[in-house]
Amino acid sequence: MNFKRVIAVAAASAFALSVAVTASAPSQAAVNFCKVTDLKSAGGMDALVAAAKKEGKLNVITLPRDWANYGEAMDLFSKAFGIKITDDNPDGSSAYEIQTIKTAPAAKQPDVVDIGVSALNGVIGAGQAKLFANYKVANFAAIPSKWKSETGNWYGDYNGIIGISYDASVAPAPTKIADLANPAYKGMVALTGDPTAGQEPFMAVYAASVANGGSVTNIKPGLDFFKKMKDSGNFIATKATPENYIAGAYKIALTWNFNAPGMIAGAKAAGKNLKFVIPSDAVLAGTPYIQAINAKAPHCAAARLWEEFLYSENKGKTSTQLTKADLKVSGSKLFNLIRGGQNIFVSGGATPILQADMVAKKTLISGPTGFNVPSGAKVYQPTPDQQVDGKTVVSSVWPTL
Amino acid sequence: MPKTSSSLSRGSAPLWSAATRKALVALIALAPLLIFIGIFFLAPIGAVVIDSFRNNDGDFSLVNFSDIFKEPIRTAMVTSLSLASVSALTAAIPGGILAYLIESRGSQKLRRIVASISGVLANTGGVPLAFMFIAAMGAEGSATGLLKLAGIDIYGSGFSLYSFWGLVVVYSYFQIPMMVIVFSPAVHGLRREWAEAAMTLGASKRQFWTRVGFPLLFPSFLSATLLLFASAFSAYATARAMTNGTIPLVPTMIGNLLDGNVIFDEVNLAKALAVSMVVVTLVAMVPYLIIQRKSERWQK
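In order, the protein sequences belong to chains A and B. Each residue of the first sequence is one higher than the one before, starting from 6 at the first, in our numbering. Each residue of the second sequence is one higher than the one before, starting from 771 at the first, in our numbering.
A portion of the hints provided could be inaccurate.
Just so you have them, the derived chain A footprint on chain B, three or more residues with Cβ under 8 Å [as the list claims (entries may be wrong)]:
id, segment
1, 842-849
2, 904-917
3, 1013-1027
Here are the computed lysine-lysine pairs in the DSS-like style, where the Cα-Cα straight-line distance is at most 27 Å [unchecked claim]:
id, chain 1, residue 1, chain 2, residue 2
4, A, K40, A, K89
5, A, K232, A, K396
6, A, K233, A, K107
7, B, K918, A, K191
8, A, K320, A, K181
9, A, K225, B, K840
10, A, K280, A, K135
11, A, K62, A, K329
12, A, K329, A, K107
13, A, K232, A, K40
14, A, K235, B, K840
15, A, K107, A, K135
16, A, K396, A, K235
17, A, K235, B, K918
18, A, K396, B, K840
19, A, K58, A, K320
20, A, K301, A, K62
21, A, K58, A, K84
22, B, K840, A, K277
23, A, K181, A, K135
24, B, K840, A, K232
25, A, K89, A, K107
26, A, K233, B, K840
27, A, K40, A, K62
Rather than coming from a laboratory, the hints here were simulated on the basis of the structure. Glycine included, each C-beta is placed from N, C-alpha and C at the ideal position.
Between the sequences and the hints, there should be enough to build the whole structure, so can you do that?
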């Protein structure tokens, strides 16, 4: 190594050191954000925002932009706090999220996860709650106790109901699940995946069961219904994805309500007219998806700010409404200025976990019309235990449908 | 002092004989490859095999293997085996004929073109392949529409792309070109002189084929068919995209067990299924290797 280079390296590292010292010196020198368990121990919202901004990055995992309006949530968070979000494998499964936490190198670790109840049960059943960090968001008390761990290890975020997405050209337009067996729909009906593998198609089979005399404790009539539709040629075993819809592979699918607005917009851009209806013979609500912070999160402050953001009930500004001038205010003011995650889920058609609290506090915005539970409808929701039983039945019957 | 020198050399015999040294050098030269195979091939297989003998609590158990013979896995195994056999046979026959026609009748240029096209097609697979067929031959596909205009309603006659036979059709898209690639060298090795020799000795064309041509080509044909069998047996992404689990297949079942959102506690069962697939493939490959060795003898 020659002398010049030594000087250059020394100068550069001295400069880097001085930058690091001046940046971290003022407020939160003592706070280790990886151990922070609530906003108070973080030193307040201003301190949390400052620390998250300094990290500048957030790793999320398996969040499709269309899914429950996550695209808007990521855009708004990114724009407001200047935090770059990396979304690993957007179409991946909950199992992929857990596997990544267990096996991925430090840099590829997700900061936060959004997993199904079955995956959560898998983690808890294996005694692996330590995979997640304990953190109680500011609105923690308002989350129904059924859907959170007492220590803030995990909490539900939103859920959806199963509805019928259909191409406007379909005649007659379906209004209930029993309609799907109509001979006019031959070769048109699909599911979003294999019900032995995906939560959305699994719940669709539950919905079909309720519509055909079954219940949340009896999924068999749903399987019989699909068997009947397979034999008549109505049900086709292709995946109901936006690409397949645009290619004309199917015309009718059972999907989460919170994925429909995004799919409708995408279809419109491709020159298709997709519609959505909540079936009149079965309103089936899924169990909430679960949020948790990875114990090995590489960006501890950003992860906690993301959770505060997702559980915020603010009506506030969307990513397109937020101006450059807005960004100049303090961290806590900025946080209060932007729309909270719970209302972002609402505008995507999902039911936020804090809905009851939001109704009471009048913080709930109105979601898109026609995507939610019709007033007065009876809602069926299989509990996690009932799903364990349902899964056993489905995995033995579906492969021989 | 010749005496001393000879006794000296006898006393300090080289540490390794020439043969051992040669083997050692070869081993060092091979080391990178062996390490690579060890890390990326043998170690994962070893791990999968070990886990396949463990139950959910991590204890030694045969429960995963006994589950293979229970429903729904038994049906999946049977369906996978029949799909692989049917796909192999339905591709091997046209592919073999095609290879023969191109090798025996085609020009040098045509052979080169076919070889490169086959190379591309044989490697087309996964979700893109499924999507191509859905867009072309789905209920609303472009090819389906054209056939309908021509008065042929394939869906009206009971065909469905999302069925066992649909998969056979889709698989043939990469299986037939693969057959052409694998079988062409054998046809190429069938020398013109042999046919001429047979004719000179008074054999008819038919006699040449039944007594000489076919017996010579059959081992290669069989081994190529076994290769197609293994290829169809292990195909995963295409089947997954086109069946949504309604046709039980072992690879898609492994995928669901490992990467599903619904079943979470059967990872070791998935590994046992993987081991059983390795066993089936080995069983199919052993005759392939034996036949290959035999047919190489006359190709020299």
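We went through each hint and held it up to the structure:
1. Taking a C-beta to C-beta cut-off of 8 Å, the segment 842-849 of chain B contributes 3 residues in contact with chain A, enough for the three needed, and the coverage statement holds.
2. Requiring three or more residues with a Cβ within less than 8 Å of a Cβ of chain A, the coverage given for the segment 904-917 of chain B holds, as 6 such residues are present.
3. For a cut-off of 8 Å, the count of residues in the segment 1013-1027 of chain B with a CB near a CB of chain A stands at 10, and the three-residue condition holds.
4. Our distance criterion of 27 Å between C-alpha atoms is met by K40 (chain A) and K89 (chain A), whose separation comes to about 23 Å.
5. Taken as a hint, the K232 (chain A) and K396 (chain A) pair is honoured in the structure, with Cα atoms around 17 Å apart against an allowance of 27 Å.
6. For the proposed pair K233 (chain A) and K107 (chain A), the alpha carbon gap of about 42 Å is over 27 Å, so the pair is violated.
7. Between K918 (chain B) and K191 (chain A) the CA atoms are separated by roughly 16 Å; this keeps the pair inside 27 Å, and the hint holds.
8. A distance of roughly 33 Å separates the Cα atoms of K320 (chain A) and K181 (chain A); the hinted pair therefore is violated under the 27 Å criterion.
9. At roughly 20 Å between alpha-carbon atoms, K225 (chain A) and K840 (chain B) fall within 27 Å of each other, so this suggested pair holds.
10. At roughly 43 Å between alpha-carbon atoms, K280 (chain A) and K135 (chain A) are farther apart than 27 Å, so this suggested pair is violated.
11. Only pairs whose Cα atoms come within 27 Å are accepted, and K62 (chain A) paired with K329 (chain A) is accepted, the gap being roughly 20 Å.
12. The straight-line distance between the Cα atoms of K329 (chain A) and K107 (chain A) is roughly 40 Å, outside the 27 Å bound, and the hint therefore fails.
13. Restraint check for K232 (chain A) and K40 (chain A): the C-alpha separation of about 52 Å exceeds 27 Å, so the hint is violated.
14. Distance restraint check for K235 (chain A) and K840 (chain B): the Cα-Cα separation of roughly 24 Å lies within the 27 Å cut-off, and the hinted pair is therefore satisfied.
15. Of the pairs offered as hints, the one joining K107 (chain A) and K135 (chain A) holds, with about 11 Å between alpha carbons and a cut-off of 27 Å not exceeded.
16. For the hint linking K396 (chain A) to K235 (chain A), the alpha-carbon distance of about 20 Å falls within 27 Å, and the restraint holds.
17. Taking the CA atoms of K235 (chain A) and K918 (chain B), the gap is near 22 Å; set against the 27 Å cutoff, the hint holds.
18. Our distance criterion of 27 Å between C-alpha atoms is met by K396 (chain A) and K840 (chain B), whose separation comes to about 17 Å.
19. The suggested pairing of K58 (chain A) with K320 (chain A) holds, with an alpha-carbon distance near 23 Å, which does not exceed 27 Å.
20. Straight-line distance between C-alpha atoms of K301 (chain A) and K62 (chain A) comes to about 15 Å, which keeps the hinted pair within the 27 Å bound.
21. Of the pairs offered as hints, the one joining K58 (chain A) and K84 (chain A) holds, with about 11 Å between alpha carbons and a cut-off of 27 Å not exceeded.
22. For the given pair, K840 (chain B) sits about 45 Å from K277 (chain A) by alpha-carbon distance, which is inconsistent with the 27 Å threshold.
23. Note on K181 (chain A) and K135 (chain A): the hinted pairing is violated, with a Cα-Cα distance of about 44 Å set against a maximum of 27 Å.
24. A C-alpha spacing of about 22 Å is found between K840 (chain B) and K232 (chain A), which places the hinted pair at or below 27 Å, so the restraint holds.
25. Proximity of K89 (chain A) to K107 (chain A) is assessed by CA-CA distance (about 24 Å); at most 27 Å being required, the pair is judged to hold.
26. For the proposed pair K233 (chain A) and K840 (chain B), the alpha carbon gap of about 25 Å is at most 27 Å, so the pair holds.
27. A distance of roughly 18 Å separates the Cα atoms of K40 (chain A) and K62 (chain A); the hinted pair therefore holds under the 27 Å criterion.
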